[in-house]
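Respectively, the protein sequence lines represent chains A, F and C.
Once you know that position 80 of the first sequence is 80 in my numbering, the rest is easy, because the numbers rise by one and skip nothing.
Once you know that position 92 of the second sequence is 1092 in my numbering, the rest is easy, because the numbers rise by one and skip nothing.
Once you know that position 30 of the third sequence is 2030 in my numbering, the rest is easy, because the numbers rise by one and skip nothing.
If you are wondering where the hints come from, they were derived from the structure by calculation, not from laboratory data.
This structure is a prediction, so every number in the text was calculated from the model and none was measured.
Every residue, glycine too, gets a C-beta built ideally from N, C-alpha and C.
One should not assume that every hint holds.
Said to hold, decoys possible - Simulated restraints on C-beta separations:
no., chain 1, residue 1, chain 2, residue 2, range
1, C, Gly2090, A, Ala35, 20 to 28 Å
2, A, Arg28, C, Leu2013, 30 to 38 Å
3, C, Leu2013, F, Gln1083, 28 to 36 Å
Residues per chain are reported as follows:
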Amino acid sequence: MMSMSPLITGITVLLCVTMLGAAVVAIRAKAMPIAILAAGLVSLVASILFLVLASPDVAMTEAAIGSGLTTFLFFFVLARIRAAGHDDAEMDADSPDGGKNDGVRT
Amino acid sequence: MMASLLSVIGGVLLVAGAAFLLLGGLGLVRMPDVFNRIQAGTKATTLGTLLSLAGIACLQPAWTLKLALIGLFILFTNPLSSQVLARAAHRAGADKSPLTAVDLLAKDQLADDPKGDRA
Amino acid sequence: MAEFFVSESLIYLAAILIGLAFLLALFRFLKGPSTADRVVAFDVLTIIGITAIALLALLEGRGIYLDVALVYALLSFLGVIVIARYLERGL
Chain A
1 MMSMSPLITG
11 ITVLLCVTML
21 GAAVVAIRAK
31 AMPIAILAAG
41 LVSLVASILF
51 LVLASPDVAM
61 TEAAIGSGLT
71 TFLFFFVLAR
81 IRAAGHDDAE
91 MDADSPDGGK
101 NDGVRT
Chain F
1001 MMASLLSVIG
1011 GVLLVAGAAF
1021 LLLGGLGLVR
1031 MPDVFNRIQA
1041 GTKATTLGTL
1051 LSLAGIACLQ
1061 PAWTLKLALI
1071 GLFILFTNPL
1081 SSQVLARAAH
1091 RAGADKSPLT
1101 AVDLLAKDQL
1111 ADDPKGDRA
Chain C
2001 MAEFFVSESL
2011 IYLAAILIGL
2021 AFLLALFRFL
2031 KGPSTADRVV
2041 AFDVLTIIGI
2051 TAIALLALLE
2061 GRGIYLDVAL
2071 VYALLSFLGV
2081 IVIARYLERG
2091 L
C-alpha cells in the first residue's frame, strides 16, 4: 500500500472512526439489542475495511458470518431468553418510557 | 466520443445518487420521530442507491448485469423491510411526534382485531 | 481509459457526499433514543455501505467486489426482518 490515493485514505480513516464508535456503543449500551446492533455495525465496517485491503473473499465471509449470522443468532437467543421470563432482554432500557410499554396487548 | 458522453452521464448520475443518500442521512438526523425517520431513511436512500448503481453501470458497462441484480434486490426488499419495521415500531408503542394528525393503523387494529394478536 | 478520467472529479465528489451521508446516519445510530431508531440507522448504514462497496469496486476497477454488495443486499433485508420480529415479540 505504498501509493494509496487520498480518497482511499479518507475512506479508511472514516471507517476506522466508525468502527471505534460502534465498538464503544457495543460495550457501553444498557439495552442488549442495541449492543447486538452495534456489534453488527462493527462487522459491517470491518467487511468494508477488508475490501479496502483488497481481499473480497474475507469481506464476503465477514459479511455473511459476522454481520448476518451472528446478529440473527443473537436475536434468536435473546427472544428465547425473553420467552423464558428473564429481565435481561427487555427491549428499551434507555428509551424515554424506560421499557415500561411492552407494546403488544396480550 | 460516445464513450465520453456515457462516462459524463454516469458521473452525473453517481453524484445525483450520492446527493440523495446525503438527503436521506440528513432526514434521518432532522426528522422528529421514528416513522418520519423511516420515511426519510428508506425512500431517499433507495432512490440514491439505484441512481448510483445506474451511474456505475454507465461508467463500467461490463458490470451492468450484476449491478442490475443488486438494484433489483434493493428495489424489492427495501420497502418491505421499512414496512415491517414501521409496523414493529408502531406495535412496540414508539413515541409519535406531536404533529401527528391521524393514526389509522391503531384505529383499524382496535376495530377488527381487539386482541391484537394478528401477526 | 482516457474517457474514464473525464468524470473522475465527479466520482470524488460522489465519494465525499457518500461519506457525509455515512456520518449523518452514524450520528443517528449513536444518539437515537429508541431501539427502532437505531435499527433504521443500521438499515441506512447498510444501504450506504452497499453504495460505498460499488464505488470502491469502480475505483479499484475490480468487478469481484460487487459480490460483497450482493451479499449485503440480501442480508440487510433478512436482518431487519429478524430484528423487527424480535421487537414486536413475534420471534
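Do the hints match the structure? See the list:
With their beta carbons about 21 Å apart, Gly2090/C and Ala35/A fall inside the hinted range of 20 to 28 Å. Under the hint 30 to 38 Å, the C-beta atoms of Arg28/A and Leu2013/C, about 36 Å apart, fit the expected range. The hinted window of 28 to 36 Å between Leu2013/C and Gln1083/F holds, with their beta carbons roughly 33 Å apart.
No hint from the list above goes unmet by this structure.
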